[in-house]
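Enquirer: Spelled out from the first residue to the last, the chains are:
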Amino acid sequence: MRLYAVVAAGGFRRHATYRAATAAGVFTNTVFGFIVAYTYMALWDVRPRLGGYDVSEAVTYVWLGQALLMTCAMMGGGFEDELSERIRTGDIAVDLYRPADLQLWWLAGDLGRAAFHLLGRGIVPMVLGALAFDLALPRSPWTWAAFLVSVSLGVVVSFGLRYLVALSAFWLMDGAGAMQMAMLAGLFFSGMLLPLTLFPGLLGEVARALPWSSLLQVPADVFLGKRTGWGLVQAYAFQAGWAVALLLAGRLLQSVATRRVVVQGG
Amino acid sequence: MAEAEVEAGAGRRDVADPGAWREDAFAGRSRLLEGVRAYGLIVAMWMRSTMAYRASFVMTTVGNFVATAFDFVTIMLMFTHVDALGGYTLPEIALLYGASATAFGLSDLLLGSVERLGRRVRDGTLDTLLVRPVPVLAQVAADRFALRRLGRITQGLLVLGYALVTLDIAWTPLKVVMLPLMVLSGAAVFGAVFVAGAAFQFFAQDASEVQNAFTYGGTTVLQYPPSIFAKELVRGVTFVVPLAFVSWLPALYVLGRDYPLGLPGWVAFLPPVVAALCWALASLAWRTGLRAYRSTGS
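First to last, the sequence lines map onto chains A and B.
Mapping the first sequence onto my numbering, position 212 (from 1) lands on 212, and the numbers just tick up by one.
Mapping the second sequence onto my numbering, position 142 (from 1) lands on 142, and the numbers just tick up by one.
If you are wondering where the hints come from, they were derived from the structure by calculation, not from laboratory data.
Warning: the hint list may mix true and false statements.
Said to hold, decoys possible - Okay, the calculated beta carbon distance ranges per label pair:
no.: 1; chain 1: B; residue 1: G256; chain 2: A; residue 2: A132; range: 32 to 40 Å
no.: 2; chain 1: A; residue 1: A20; chain 2: B; residue 2: R31; range: 29 to 37 Å
no.: 3; chain 1: A; residue 1: A132; chain 2: B; residue 2: S227; range: 17 to 25 Å
no.: 4; chain 1: A; residue 1: A209; chain 2: B; residue 2: F79; range: 22 to 30 Å
no.: 5; chain 1: A; residue 1: A176; chain 2: B; residue 2: R291; range: 50 to 58 Å
no.: 6; chain 1: B; residue 1: F79; chain 2: A; residue 2: L137; range: 24 to 32 Å
no.: 7; chain 1: A; residue 1: L119; chain 2: B; residue 2: D83; range: 37 to 45 Å
no.: 8; chain 1: B; residue 1: D168; chain 2: A; residue 2: E82; range: 33 to 41 Å
Each residue gets a CB set at the ideal place from its N, CA and C atoms; glycine is no exception.
Whenever a hint applies, use it, and build me the whole structure from the sequences.
Expert: Next comes the structure, spelled out in structure tokens:
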């Protein structure tokens, strides 16, 4: 357990090293926050109660998206490039010899990364958004706490998805295609483009049931107070269910993959 | 690409004045033509290299197409709930979108690679480019030329085509001329923004993502009508970073609509002038940046 805590701290520190890059990322997130907020305001101006949100909740949703984009790695990023590259080059053989669990090792590192991105890339855009727009911020500290729990579950779901993507390199050798597909799915089904409550008919129902909705839609609904009491429990159960299912799938794929691993020499 | 190792000390001398020796090497030849020729050669090399992995090329191009099409999918999803956004119908927004997406796609394909400059400054591989007898900008622009970016151009053209088919425009010869003029000058304006952003990376290094706010952010702004944005933002996009000349002003002329800032009608014909001005400023920034470059020396 101590080992994984050290790995997580390492993941945090590793990303915290690049201060200028973090500042630049915050700047870009903020610019996009402004742009998308105006488009949502135009939409909610015509349909004031669209998707069950009022206009200030909709704008809050935009800024939550910008704040969580990196934390929940909706467009990918984080560890999967590195892991799939290690699989491609054969360095994975070294990792498999280590006296640590492969999946837990990368999970710990990714949790550390997510914690840094929440602090480093999440807070400033949210504060700037709150200064420029009338945001619907939770009054109760419990809602904030409930939100943080939901974000944490979202990060684990995101990890579970990206771990499967990275392991696909065992079969595909070049993980770029799979990573791009995962990026597209993440962007579309997380609710980053538009809240999933606005997706029409069957597409909406499917999108809300898929794991990616745990990355933004569910945490945002918790933040906006749309999920309380029994609804909150259901939201957590949904996220935790996907997290467990994806982690188990990752384990299964890992054991299949390592059984067939043939390390390339040279 | 095989990267020749540059010795730490050797790089320094050239770095002090990277342009000086090149003038002798190219005496009597046009530097611009030489740059374009070199650019073409490097691009051809990267295209051959891309085609070595044909399946990967097809997948990444489709991916590029889908990823950039998401922007329009978002707009279409919005229009499942409304008939007009900021007073504009879907085909009208499609014209704004198609024009800016195509223009941006062109500049992204031809010059988008310059955004990788920060990485080369950081790891010192820019030194390799400095000792080659080819203009650095041509090398940086052609570096890892990504043919998959045709995906973005394709989807931009498709949306533009949809707009032109569905819109009921009172065509005049001027409006017809405006279409290619808008896309080409727009690509030039975005190209200048790319080069200026690359020049900024000589100083910023790690902060290369700032550039995305102006390039990707810029094209996102232009995909929506100006009427939905705050006046300050519209002013900034018109007078500070003149992206409004990429698509807003010329496209609104084609649509026969007024621009929110009450500018006179003839400004719609300014895009080529604005593009030239942007390139003058961008080349100045590029030269300043290149002159200020100090190698990592490692």
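Enquirer: Indicate, hint by hint, whether the structure satisfies it.
Expert: Right, here's what the structure says about each hint:
1. B:G256 / A:A132: 32 to 40 Å: holds (33 Å)
2. A:A20 / B:R31: 29 to 37 Å: holds (33 Å)
3. A:A132 / B:S227: 17 to 25 Å: The hinted range 17 to 25 Å holds for A132 (chain A) and S227 (chain B), with Cβ atoms some 19 Å apart.
4. A:A209 / B:F79: 22 to 30 Å: The hint (22 to 30 Å, Cβ to Cβ) holds, given that A209 (chain A) and F79 (chain B) are roughly 24 Å apart.
5. A:A176 / B:R291: 50 to 58 Å: violated (36 Å)
6. B:F79 / A:L137: 24 to 32 Å: holds (30 Å)
7. A:L119 / B:D83: 37 to 45 Å: For D83 (chain B) against L119 (chain A), whose Cβ atoms are near 43 Å apart, the range 37 to 45 Å holds.
8. B:D168 / A:E82: 33 to 41 Å: violated (53 Å)
Consistency note: the structure conflicts with the earlier hints numbered 5 and 8.
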